[in-house]
Amino acid sequence: DVKVTQSSRYLVKRTGEKVFLECVQDMDHENMFWYRQDPGLGLRLIYFSYDVKMKEKGDIPEGYSVSREKKERFSLILESASTNQTSMYLCASSPQATGEQYFGPGTRLTVT
Amino acid sequence: QKEVEQNSGPLSVPEGAIASLNCTYSDRGSQSFFWYRQYSGKSPELIMFIYSNGDKEDGRFTAQLNKASQYVSLLIRDSQPSDSATYLCAVTGDYKLSFGAGTTVTVRA
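Quick mapping for you: the protein sequence lines, in order, are chains A and B. If you count the first sequence from 1, position 22 lands on 29 in my numbering, and the numbers rise without skipping. If you count the second sequence from 1, position 29 lands on 199 in my numbering, and the numbers rise without skipping.
I should point out that these hints are in silico values taken from the structure, not numbers from a laboratory.
Listed below are the simulated DSSO-like cross-link pairs for lysine-lysine, each with C-alpha atoms no more than 27 Å apart in a straight line: (1) A:64 x B:266; (2) A:78 x B:266; (3) B:266 x A:62; (4) B:212 x A:64; (5) A:62 x A:25; (6) B:226 x B:266; (7) A:60 x B:266; (8) B:266 x A:77; (9) A:77 x A:62; (10) B:212 x A:78; (11) A:10 x B:226; (12) A:20 x B:212; (13) A:10 x B:266; (14) B:237 x B:266; (15) A:25 x B:212; (16) A:77 x A:25; (17) B:212 x A:10.
Let the sequences and hints guide you as you build the complete structure.
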């Protein structure tokens, strides 16, 4: 079974803090993705990576950056957290860029 | 026009009935189609995928694909209260999956 883990289930941060969300997958997948999910807005792609040290912007990259130093690990960074970044953050991995994606359990981030 | 559109919910069905979920997509070049189930507060879970026109059955779930009409559907037979969830349709695009907004299904006992 594919396993995707995320560093925290719940996180509370203050405005202006730097926030790191980490994702690890154990299936040797090339592709990894970060989404946020908000009521009424569905899943929105923030960034994705198709190889180590490679990254591509998704639909809503503003205010975020990513890092992929190892194949199994993909980190999402909020340089200066803002209240409008309060959301559920979901990481996913996939053997192909347009193949089935397997999601981690999600991190519910609250920025106060 | 949204890339992937799902029938608006919520959809309420009695236990034992068939729940029918619909999805249309705009990119005629899409090749792969997926259905995810998401329980409240949880992450999406892949339940079905379909690549060819026609029907694909897996237990109580049947996915149907019609590429000419750019339409994919999911049928849940003998619906159970445990099927109460939001179902997301996902379709391949240029470099990513495009997800629909989801249809929430409630199965009444």
